[in-house]
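Visitor: Note that the protein sequences, when read in sequence, are chains A and B.
Each position in the first sequence, counted from 1, maps to that position plus 18 in the numbering used here.
Each position in the second sequence, counted from 1, maps to that position plus 212 in the numbering used here.
Hints in this document: simulated from the structure, not taken from any laboratory.
Watch out, some of these pointers could steer you wrong.
Said to hold, decoys possible - Coverage of chain A stretches by chain B, computed from C-beta distances (three or more under 8 Å per stretch; other residues unrestricted):
id: 1; region: 72 to 81
id: 2; region: 187 to 194
id: 3; region: 199 to 205
Glycine is no exception: its CB is placed at the ideal position from the N, C-alpha and C atoms.
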Amino acid sequence: MNNSEDLPRINRRLALQWVTTATASIPLLDVDVEGAERLRPKSPVANGYGPDPDLIRQYKPGDLWPLTFTVDQRRLVIVLCDLIIPADETSPSASSQGVHDFIDEWISSPYRDQKADRNSILKGLPWLDEEAKRRGGTNFVSLGSDEQLAICHELARLARKNRNTHPGSFFYRLRNLVAGGYYTTPAGMKDIGYRGNVAMPEWNGPPREVLERLGLDPQ
Amino acid sequence: MPLISPANKKRDYDVVIVGSGAGGGQMAYTLTMEGISVLVLEAGRMFDPTSETAMMHTPDMAPLRGVKTPDKQYGFYDASVESGWNIPGEPYTNASKEKSRQFAWWRQRMMGGRTNHWGRVSLRNGPYDFKTRTRQGVGFDWPISYDDLAPYYDKAEMLVGIFGDSEGIENSPDSSPGVLLPPPKFRAGELLAKDRAKKKLGIDVVPIHRAVLTTTQDADRVPKKLHPGNKKAQRLLAENMRLRLKCIFATDCHRGCSIKAAFDSTSVYLTPALKSGNLDIIPHAMAREITLNKAGKASGVTFIDKTDGSEHHVTGRVVVLAASSQESVRLLLNSKSNQFPDGLANSSGKVGKYITDSVASSFSAQIPALENLPLHNEDGTVGQQVYIPWWRAGEQHKLDFTGGYKFVLVSGRKMPSINTGKGFDWVAGGDEILFGKKLKEDARRYHGSFQGIGAQGAMAANDDCYAELDPQVKDKWGLPVLRFHWKWSDDELKQVADQQRMLGAVLESMGGRFSRSPHVDDPLRAIKQGGAIIHEVGGAIMGDDRTKSVTDKWCQTWDVPNLVMADGATFPGTADKNPTLTIMALAWRAAGHVVDELKKGHL
Numbered sequence: 019m020n021n022s023e024d025l026p027r028i029n030r031r032l033a034l035q036w037v038t039t040a041t042a043s044i045p046l047l048d049v050d051v052e053g054a055e056r057l058r059p060k061s062p063v064a065n066g067y068g069p070d071p072d073l074i075r076q077y078k079p080g081d082l083w084p085l086t087f088t089v090d091q092r093r094l095v096i097v098l099c100d101l102i103i104p105a106d107e108t109s110p111s112a113s114s115q116g117v118h119d120f121i122d123e124w125i126s127s128p129y130r131d132q133k134a135d136r137n138s139i140l141k142g143l144p145w146l147d148e149e150a151k152r153r154g155g156t157n158f159v160s161l162g163s164d165e166q167l168a169i170c171h172e173l174a175r176l177a178r179k180n181r182n183t184h185p186g187s188f189f190y191r192l193r194n195l196v197a198g199g200y201y202t203t204p205a206g207m208k209d210i211g212y213r214g215n216v217a218m219p220e221w222n223g224p225p226r227e228v229l230e231r232l233g234l235d236p237q
Numbered sequence: 213m214p215l216i217s218p219a220n221k222k223r224d225y226d227v228v229i230v231g232s233g234a235g236g237g238q239m240a241y242t243l244t245m246e247g248i249s250v251l252v253l254e255a256g257r258m259f260d261p262t263s264e265t266a267m268m269h270t271p272d273m274a275p276l277r278g279v280k281t282p283d284k285q286y287g288f289y290d291a292s293v294e295s296g297w298n299i300p301g302e303p304y305t306n307a308s309k310e311k312s313r314q315f316a317w318w319r320q321r322m323m324g325g326r327t328n329h330w331g332r333v334s335l336r337n338g339p340y341d342f343k344t345r346t347r348q349g350v351g352f353d354w355p356i357s358y359d360d361l362a363p364y365y366d367k368a369e370m371l372v373g374i375f376g377d378s379e380g381i382e383n384s385p386d387s388s389p390g391v392l393l394p395p396p397k398f399r400a401g402e403l404l405a406k407d408r409a410k411k412k413l414g415i416d417v418v419p420i421h422r423a424v425l426t427t428t429q430d431a432d433r434v435p436k437k438l439h440p441g442n443k444k445a446q447r448l449l450a451e452n453m454r455l456r457l458k459c460i461f462a463t464d465c466h467r468g469c470s471i472k473a474a475f476d477s478t479s480v481y482l483t484p485a486l487k488s489g490n491l492d493i494i495p496h497a498m499a500r501e502i503t504l505n506k507a508g509k510a511s512g513v514t515f516i517d518k519t520d521g522s523e524h525h526v527t528g529r530v531v532v533l534a535a536s537s538q539e540s541v542r543l544l545l546n547s548k549s550n551q552f553p554d555g556l557a558n559s560s561g562k563v564g565k566y567i568t569d570s571v572a573s574s575f576s577a578q579i580p581a582l583e584n585l586p587l588h589n590e591d592g593t594v595g596q597q598v599y600i601p602w603w604r605a606g607e608q609h610k611l612d613f614t615g616g617y618k619f620v621l622v623s624g625r626k627m628p629s630i631n632t633g634k635g636f637d638w639v640a641g642g643d644e645i646l647f648g649k650k651l652k653e654d655a656r657r658y659h660g661s662f663q664g665i666g667a668q669g670a671m672a673a674n675d676d677c678y679a680e681l682d683p684q685v686k687d688k689w690g691l692p693v694l695r696f697h698w699k700w701s702d703d704e705l706k707q708v709a710d711q712q713r714m715l716g717a718v719l720e721s722m723g724g725r726f727s728r729s730p731h732v733d734d735p736l737r738a739i740k741q742g743g744a745i746i747h748e749v750g751g752a753i754m755g756d757d758r759t760k761s762v763t764d765k766w767c768q769t770w771d772v773p774n775l776v777m778a779d780g781a782t783f784p785g786t787a788d789k790n791p792t793l794t795i796m797a798l799a800w801r802a803a804g805h806v807v808d809e810l811k812k813g814h815l
């Protein structure tokens, strides 16, 4: 984990872009107003699926509206997906379930509700590369995994304090999308312990061991 | 007999019904089984629940993981098409700019109406709920009593297929023996709630009543009970009951039910009604005006064929409005004539007045006892299975508010949504939001350990909540739109403060942990917006006095007896029960009266 003693020297312009947190932890790069304007993406122009879509069809990212990520952005989001939901002994990682493509679909949505996520994520991705360069002289993807994790921890701390201010807001929104995207896949559902959505002739309530754990009598 | 286009309609029908949902569907069913010829006008398209519902799809198969969008306002897989709080080209307005004084109006433009999208909770109003003025000194008494409606509750429940139990709870009536289907078993969290709420608070958690078949219906017995002496109706109903399978204990009823275990109007009312040969349905038919003849009786309905914008007229001996309470109100107000310059059947000036809605708030907690429970399938009937009926009906006079409320509980490891994974940070504590392996571990631990409770309470009619025609704004058909007026009274806010207090108490009895305190001292923050629960009723209330109400106790308008209201518009108030079952029972009762009156030549 970085701390303030490890801070590299910075030039004046970047210094103005950074906010120091109240604690002694590492300050993180903020985007200045001008930069925010520059980075603010154009709104997607595609239409939505309308009020009477085919509910049976199975949709994939890109089926309904054009996607946004460049090759580099997509590569970066894949890395982020797996920092947020890594593979472990019981279940696979987020990127292995295509969650990065879902995030692309999400931020490319023509609907208003996804706009804030789009702005935040398209602002956060270049911010991450800048931060990585500041720390390791390379972009985020090429950073060592310890360095990548260190930045994520800093962001997670900022997000816990204030989920509405960049760059904590970026990480908060990204985390929510990766987690939500992952737990809505079959692998994610299995991992989180959802055992339903199976047609059954009867439903007998919780098994005996559950009731015993709760100290409740059988129904 | 089928869906028809306007060009194929008959010259004349006995009854023309506007709307195909709970009220219109029930009317169409009852009338056609009695041999009455009926035309239903439905503003939306045909929707076939057996082929169009995505019952078992997971969110990753939907755009945006199935999240709500302006196009699908209750989520992608919700069985609502062309529907929502905001429909392009069909606006409504609010008189106030203040959020708490605005009403949000859900419209369902499709075959079967809101029954497609319905949570299927089917509770009877209790005896006290019909005597609000007498008992509480607020709102209105209904012109009927519980005993008048009880036989129709039994009938509707037997036809619809509703699970539940008899509890003997004051003002939350039991059904007659043999009417209800067996309730599903409780989920783990619900058993915990039942145990703790009883031990610590003396409050009962009991099975809710919902329109879901937990067993197949008795097609040999029920049709004979519902249609004594009517062999054809018995046969049609028995056939239709045999088409319905019992619940497969998976998939949210809001998605629609291709096996017809969950009720919807199309599957249960309209299908046998069409097979009777006595029903025509015109979809895409937007009613614009009820017409009168020289004798001042309703002669038919003028409607717009939405497929080409053309205007048509259809005649009937009786006109039934079941377009949803406020759409029916709008239709009355837009049907102006020399005889009724302020809108049809509006000599009392009461059309549009006295809208009521469920008084609602909610709260949730994380329950440590439910963490890390051995994994098992908790779907059950997926929606609500248990509730806390109002437990202080007998001591309402001791409280500082007049309306009761109920608590509806939902817990368990539900199918994850796009929001899964962002709610664990406050539970886990620490100085970071969760990510990485810790997120995965905590998600396994905490998913399914949350208990949400929704409170829904009674609302007495008052002068501040009403609708009128907007003097300027028109919809894309050129029809004036509704303008709503809404204001929560102190009575409702006090009720919500009590809801919040008791929501906290029940969750605390389960050992719940909270991310914040309930809004006991700030009920206006907790109360859900008018219309948010989609339980609005009133606007053409029934009564004993024709100067103070729009219809009589048979839902016939005082001014125009062959004009009958069959949706929630006639409710003189909202009980702490959901309105749909009462809409069905009232519609059945009104339909029976129409049949009698037609036979007598009175209409």
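Visitor: Has the region 199 to 205 of chain A got at least three residues whose CB is nearer than 8 Å to a CB belonging to chain B?
Guide: With 6 residues close enough to chain B, the hint holds.
Visitor: State whether the coverage of the region 187 to 194 of chain A by chain B holds or is violated, taking the criterion as 3 or more residues with Cβ-Cβ distances under 8 Å.
Guide: holds (count 4)
Visitor: Do three or more residues from the region 72 to 81 of chain A put their C-beta atoms closer than 8 Å to C-beta atoms of chain B?
Guide: Holds, because 5 residues of the region 72 to 81 of chain A bring their Cβ atoms closer than 8 Å to Cβ atoms of chain B.
The earlier numbered hints are all upheld by this structure, with none contradicted.
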